[in-house]
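Letter by letter, the chains look like this.
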Amino acid sequence: MAKPAASDTAHHDDHHDQPATGITRWLFATNHKDIGTMYLVFSLIMFFIGGAMAMVIRAELFQPGLQLVDPVLFNQLTTNHALVMIFGAVMPAFVGLANWMIPMQIGAPDMALPRMNNFSFWILPFAFTLLLSTFLVPGGAAAGGWTLYPPLSLQTGDAFPMLIFAIHMMGISSIMGAINVIVTIMNMRAPGMSLLKMPLFVWSWLITAYLLIAVMPVLAGAVTMLLTDHFFKTSFFNAAGGGDPVMFEHIFWFFGHPEVYIMVLPAFGIISEILPTFSRKPLFGATSMIYAIASIAFLSFIVWGHHMFADGMPVAAQLFYMMATMLIAVPTGVKVFNWTATMWRGSLSFEPPMLFAIAFLFLFSIGGFSGLMLAIVPADFQYNQTYFVVAHFHYVLVPGAIFGIMAGVYYWLPKWTGHMYNMTLAKAHFWLSAVFVNVLFFPQHFLGLAGMPRRIPDYAVQFTDWNMVSSIGAFVFGLSQILFVIVIVQCVRGGKQATAEVWEGARPTGLEWTLPSPPPYHSFTEAPQIP
Amino acid sequence: MSMTRGDDESTFPPFRHAARALCLAAVGLAAGAKANTSNGYNLPIGVTSLSRDIYTLHMEVFWVCVAIAVVVFGVMIYALVRFRHSQGAVADTTLVHSTKVEIIWTIIPVVILVVMAIPAARVILMMEDTRNSELSIRVTGYQWKWEYQYMDAGEGVDFFSTLARDSNFARELHSGIDPNSVPNYLLEVDHPMVIPSGTKVRLLLTSQDVIHAWWVPDFGAKRSAVPGFVNELWFKVDSGKEGIYRGQCTSLCGRDHGFMPIVVDVRTPDDFKKWVAEQKAAAKPAVAQSGQAGEPPRPAQVVAN
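Residue numbers (this note's numbering), protein chains in the order written: chain A, 1 to 531; chain B, 1 to 305.
To be clear, the hints were calculated from the coordinates, so they are not data collected in a lab. Cβ coordinates follow ideal geometry from the N, Cα and C atoms, glycine included.
So the derived label-pair ranges between C-beta atoms look like this:
#1 183/B <-> 62/A: 20 to 26 Å
#2 114/B <-> 115/A: 47 to 53 Å
#3 210/A <-> 238/B: 49 to 55 Å
Using the sequences plus the hints, can you model the full thing?
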């Protein structure tokens, strides 16, 4: 389709202006909007599958004693809940948003590499079919935690090679998606759109894409070494053969920590789009926001050791990882302060995207505070591997990454469909989610501090009360996500016609608002001029 | 906001009671507080110098976070209330950049972080100083139990420690036994580790199969047990704090990860000596019977897998 040249004005044959009909439109999709839609729908399905696993986990933990699942199935559920949510829900959702929005925001007709785009999406259904089918094989699904620490992960049954292969497929998909994002942003910006004029969402994705390319191969290497340890009698992580199980943790977290930011930087970008719109004033300190994202990305490569303080580490390394981790608070703080300053002396209105963005601001900050506490090495020894950590990373990932995604969907859904959605229902979804996400995760801080380890199917009776509260929060939070689906389905089917600008009085930063709602099948057949 | 504060008696006692009452009333619960252990929502102060230092650090960082949160969230809430479109607020579109405030709000966090890092670094150095220990115990993790092999004064004492039988029955799926009826459900073992108070105890942790982690919150002591490697930690329980302390394995180690608790019985040094002597006396007939003089006796254990 589009030629990867910045000056290209993208000539198209007439028959490409309309989508193909039937299943071929989706199977052979090369259009960024179709592929974006498929990514988003896929991620929503995975969100509910991963969510269903979480519901079973919380139901089992509702009271002490084992009522529903045995410990093996429990461990399988925690392991696969994480894998499905991380690789199936959050990451594909951001790639879907990137597919939809990056070409429209930079004035390009499509993504630079449409066929690779198709391939990177269609790998995912196969990868996750493979992953989820491990529940049916002898030995059951992987139950050693999503972190796959050996030697425990090597005790997995027939699921083991399937899991490794599924992770390879997810990694290949992510890397191809990242390449596509980088090539599109570098080559297909409209004339006059310099890098520093790019919308923050595009910037956050550019940096995220580099993170993906840097660390997904590291994960691939780590799991391949596990595979050869398991089947070919290598001893990378086997002490008896001269290897080191802790080495796996180092390699895994060298991937794992940047991965955390892969899941949250695009959300930063989305929030940086939404807050200015509904504050009716430009983003405060846009340039320092970009530098802050870049600093966070850089620091994310040198803090991995903070995941493993308790696994044995020299004093110098403990001090280094503690300082480096605390340092991340500085650019993150800059971002929070800039967002606050964006709202300062603005003219705020509270449509659903803004509500989610504000909740993100407060609740992500709470995750940041507990992150700061976890960085303090001596205290980390007490927090490590307890529910305090579970509370921390769920605050960062649920009201962080997932609220960011929901904010983005509510922000751009009228643009995509051409219809306004049911605001009342969307606000109900927001309030139920925002209240019950706290009922769900806040008590987990108390549980962790009071001494409840994570990843246990049953607990001592003094942990009963907070677990009940947390489970009730989980059930309501989980059920209220059905509202999200209802709002989306209704909006796709019809509704009040949306204007090109969608949000009244907005001061849009991206070019997406110059296109009609819904936008034409090919976004910009002629490159717009940027003043 | 963040966690409710705990038992720091010296500062803000009214707040402590208010917060505690609020928490308890809000969910209608009575957290099962036990002597020397956590109050149900905060870290225990514990019974070693390390656990107290950690608790102090934890509360300091917590209050720094609360202070920052009050300021930042306060400004946000003020903005949300004050600058509402529906109340006729007009956006000041010129307010988009200020190098001065951006430098200020970069430098202030750096200063706060440095101030927090210094006491933390001091405690790290102390935690890692395992020299001059008076009793060493080798702790080995298994799927799913612990083995304690005493060295120094306890040389020759060696036993396994597994989940108590009543807990083990009650924890079966559909066991029909109410966990509340089991004393110390999931936190009781057949043979607790016994240590003397007022003595610097060093643990040498390793594992026979997968990675486990040994944790007793009241000691401020947690470290992974990694197969093929030895990790060290130390603690010194205050004299006068003799009693039973409980913890759990904290590193996912397979099916029964949740069912390999740690129980430490802290006794006075004299009582500890007596206990060691009893263990050795009890071991002798067994040695004579089995005829394996070199091998220290072990209580009969069935490997759980």
